[in-house]
Every structure is written in structure tokens, then in C-alpha cells.
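**Q** Going left to right, the sequence shown walks through residues 1 to 486 as our numbering numbers them.
In case anyone wonders, no lab produced these hints; they're calculated from the structure.
Quick reminder that beta carbons are idealized off the backbone N, C-alpha and C, glycines included.
There may be inaccurate statements among the hints.
With a straight-line Cα cutoff of 20 Å, these simulated SDA-like cross-link-like pairs (lysine to any residue) come out [as the list claims (entries may be wrong)]: (1) 217 x 49; (2) 124 x 148; (3) 379 x 143; (4) 169 x 49; (5) 33 x 187; (6) 33 x 218; (7) 217 x 43; (8) 124 x 28; (9) 33 x 285; (10) 379 x 390; (11) 124 x 88; (12) 169 x 356; (13) 348 x 168; (14) 124 x 134; (15) 33 x 386; (16) 379 x 392; (17) 33 x 194; (18) 33 x 44.
Derived CB-CB ranges, DEER-like [as the list claims (entries may be wrong)]: (19) 136 x 48: 36 to 42 Å; (20) 136 x 369: 16 to 22 Å; (21) 126 x 13: 29 to 35 Å.
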Amino acid sequence: MTTRQRPRTLWLGRWGFVLAATGSAVGLGNIWKFPYMTGEYGGGAFVLVYLACILAVGIPVMMAEIAFGRRGRGSPIDAIRRVVRESGSGAWWSLFGWMAMLCGFLILSFYVVVAGWSFSYLWKTLTGGLNGTSVDDMAMIFAANNANPWHLGFWSTLVTLLTMVIVGKGVREGIERSVSWMMPGLVIMLALMIVYAAFSGGFSDGVAFLFSFEVGKLSSEGLLAALGHAFFTLSLASGAILTYGAYLPDQRSIARTTVSVAIADTIVALMAGLAIFPVIFANGMDPASGPGLLFMSLPLAFQAMPLGTLFGVIFFTMLSMAALTSAISMIEATVAWLNESRGISRAKASWGAGSLLWVISTLAMMSFNVGSEWTLAGKHVFDWLDFLTSRFMMPLGGLGMALMAGFLLRHEIFRSELNLTPVQHALWLFMVRYVSPLGIVLVFIDSLGIVTLDLAAQWPWLLAILVAITAVGEMASPRLKRQLSE
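Turn these sequences into a full structure, and let the hints steer you where they fit.
**A** So, in C-alpha cells, the structure goes:
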């Protein structure tokens, strides 16, 4: 029996899914974090390890999520429920769909605050509000920006409103039309920034920082950083990719589409490094300053350089667009579920979800000012949202997706959707059954920070984890699967 659903809407253009999924993957963290990790952990050597992690963990799970979405043709909840029902399994497996949808929504609840920083700094650059003469001055401007709840709340509210307007217009008229110009625009602005950086005086240092091949810097910490970023950068287990996959036409190759997104995401991240780090080195600044690199060091560097205001505007416009494309993807799963399962019009679903989002994001925003003393176990609302999603919900959700695809569900479903050769399918199945879950478990353990992982010294534990994953998966297929479905 098949439960293949007729799609309500599809991406209109050939590159609709690729642009939307790449927009989801390319966020604020990707603009500074991946380039910095590349330079810190061995340059080209780290990039090779990262690409291997993408192939072993990111791409197999992403292919599974897209297959879930296209087969089930719905929100994460509906799509997973339909696919597991087609496999004869119990509907409770759709809890992973609930987790993915909730995860994306909660991430967006604090992400709009961070995105608001980008929009705020674009305005400050346009109006001359970034007039500090030292990093300490810029730090004071950043602190003052966060300390004013009306100011910070305005910009996070603006991000919420823009997101809801775009998503409310629908998949084609809203999301696809927006990303069809925002993503090419982002790449063009990055290219302009790279040309600017080439004449900054620090271009050779920036290139050396990013691409020098230093294997000696590849410690266990660097390997885990590559593994973690390979998982998180593709927006896995947050409902975005699965929901976007529901709009993918049948004739599109899931494998080729997934590889295209992974390559585009990596290229954009490396371009960001070539745009940012030469400017940083030319001004003798620290490339390891994290988010402060974007909101403290770079604005100061732009001030000291010819045409700095112009390229500061270009940079923060690019940053704002990257934030917006990510925000759009994270709310789409919730809006799709309200629209399809609850029969609420898309416009009403968008504004209803946006209203709740605004309430939670306002509480997260207040963590920096009037709510700075509202803590639970030492964490503010903002910190709790980040902690729960990045350290628990995303790794556990990704692990569930991999185990369902690898062990629980009928392989005919994935053979049909993925349309791979027998050798390619066997390789994908091996990855999604054993390699990807092991990688996700390592990301989970490392993110909790309970133990310090040394991959070279602790390989017996890694082998034990792999054996445990295999045992649980084999139990679930097929005997436990029948029991759970009864």
C-alpha cells in the first residue's frame, strides 16, 4: 500500500529548492564561524575533513529528510506520519516530526534577536551610528544596543514581520520569489567584498589563514568541530529541509540536489572568509573574536579604510539577507502544518505563528536588558532556547531521522524516492545506518560537554556506541517494528 500524496504546491523554478535550502543553511553563524574554524584548525586540511564529514553525516541525513518530505508531501508531522504508516509502523514515530517542527520554531525565537543585530547595524552604518575609535568603543555601542529593549525589540520585531510577510505569500510567490533574488544578491555582494578585501593589504594573510594546509592543527577538537558544523550547517532536524523537500518535484534528483546545496553552502562560507579575514588582518585585529568579529571588529575596520562606509553597508545588507533567508525556512514547517492539517489559510497561519513567535522572541530579547535577572539554573530565556535546541533537540532529532530511514522503514520507499544505482543505494544505506548516527552521537556527547572526547584514545568507546546503534536498529527492524505498530 502507498500513501503517496498529491503535492499542493511545488517549487516552480529548477533552482527553487537549491536556493531556498542554501538560504536556510547560510546563516549568521556560517558567515564567521566556518571561516574561523577553517583557519584555526589547519586551513585546507580542515576543509577536507569537513567535506568528508559532510559526505558521511550531512548528505545522507539530508537525503533522508528530503525523501521523507517528498514522499509524505507535508509538514514534518504529516510527512513522517504518512511515511511510517506506509511502512506499517506506529504513528507515534511522528513525534520526531513534532520535535523537528518545534525545534525550528524555538531556534527562530532567539534567532530573530540575533538577526535584529544585523538590521540594526545596517541602519547604524547608514546613519553614522558606528563612530567608535577602538574595539572597546564598539563593544560599548553593542552593549548599549542590547540594553535598550525598545531599540532591540524594534529590530527583532521587524525581522519577524518581514519573515511573516514573505512566508504568508506562499511557497512560490513568497519564499521562492524572495530567495531567487536574495541568494544571488548575497553572492554578488560577497564577490564585491572579496574584490574590496583584495586591496585591503591583508589579502595574502587572509588566504594563508584560510587555505594553508597544516595537518598538525587537526586535533580531536578540530575533528569534532568539523563534524558538528557539518551537521548543524545544513539545517538538519529543524523541520526546514524536510518541509522544503515536500515541494520538490518528482523528477528532481534528491542526491544531486543535496550535493548542490552542500557545495553551495561551503562555497558561500569560504567566500565569506575571503571577504572578512583580509580586512581583519589588514587592521591588525583578532580573527578569533567570534560574533564580536561581525559587530565590533569589522565595523571598526571599515571606518579605517577607504570606501569603508559603502562596503560596511554592503556587508550588513548581505548579513541581513542571510539572516532573513534562514528565518524564512525555520517558520515554514509550522505554517505548513497549520495550513494543511488545521485548515487555516496560509496568511492566517503565518500571522498566527508569527504572533506566538513574537511573544517568545520578546522574552528572549529581554534577556539582554530588563529581563537580565530572569534566570533558571543560571540561564536566561535566550540561553535556554539555544541550549535546548542545539544540544538536545537537533542531535536527537537527526539521530531519529537516520535510524528511521536506515532501519525502521521499508527500503522500497527510499529506493523509489532516491532513485540511486544499487551500489549508490547500498553506500547511502550504510552511511545512514551506521556512520551518520555515530557522528551525530559524537556531536551530541561533545555538545553536552560532560566528557572531553579524544577520538584517537577513546576509539573503543566509539566502537561500543556503533555496536549499540546497530543493535537498537536491528531490534527495530522488523520484530520491534511490528510490535510498536500493533
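**Q** Run every hint past the structure and note whether it holds.
**A** Do the hints match the structure? See the list:
The hinted pair formed by residue 217 and residue 49 meets the criterion: a straight-line CA distance of about 12 Å does not exceed 20 Å. Pair hint residue 124 plus residue 148 holds up; C-alpha atoms about 15 Å apart against a cutoff of 20 Å. Restraint check for residue 379 and residue 143: satisfied, since their Cα atoms lie roughly 19 Å apart, inside the 20 Å limit. A C-alpha spacing of about 40 Å is found between residue 169 and residue 49, which places the hinted pair above 20 Å, so the restraint is violated.
With a C-alpha separation of about 18 Å, the suggested pair residue 33 and residue 187 falls inside the 20 Å cut-off, and the hint holds. Between residue 33 and residue 218 the alpha-carbon distance is near 17 Å, which keeps this suggested pair within the 20 Å criterion. Between residue 217 and residue 43 the alpha-carbon distance is near 9 Å, which keeps this suggested pair within the 20 Å criterion. Only pairs whose Cα atoms come within 20 Å are accepted, and residue 124 paired with residue 28 is accepted, the gap being roughly 18 Å.
With a C-alpha separation of about 16 Å, the suggested pairing of residue 33 with residue 285 holds against the 20 Å cut-off. Proximity of residue 379 to residue 390 is assessed by CA-CA distance (about 15 Å); at most 20 Å being required, the pair is judged to hold. Taken as a hint, the residue 124 and residue 88 pair is broken in the structure, with Cα atoms around 57 Å apart against an allowance of 20 Å. A C-alpha spacing of about 19 Å is found between residue 169 and residue 356, which places the hinted pair at or below 20 Å, so the restraint holds.
Distance restraint check for residue 348 and residue 168: the Cα-Cα separation of roughly 8 Å lies within the 20 Å cut-off, and the hinted pair is therefore satisfied. With a C-alpha separation of about 16 Å, the suggested pairing of residue 124 with residue 134 holds against the 20 Å cut-off. For the hint linking residue 33 to residue 386, the alpha-carbon distance of about 16 Å falls within 20 Å, and the restraint holds. For the hint linking residue 379 to residue 392, the alpha-carbon distance of about 16 Å falls within 20 Å, and the restraint holds.
A distance of roughly 17 Å separates the Cα atoms of residue 33 and residue 194; the hinted pair therefore holds under the 20 Å criterion. At roughly 15 Å between alpha-carbon atoms, residue 33 and residue 44 fall within 20 Å of each other, so this suggested pair holds. For the pair residue 136 and residue 48, the supplied restraint of 36 to 42 Å holds, since their beta-carbon distance comes to about 38 Å. Hint check: residue 136 to residue 369, Cβ distance near 21 Å, so the stated range 16 to 22 Å holds.
Between residue 126 and residue 13 the C-beta distance comes to about 32 Å, which sits within the given range of 29 to 35 Å.
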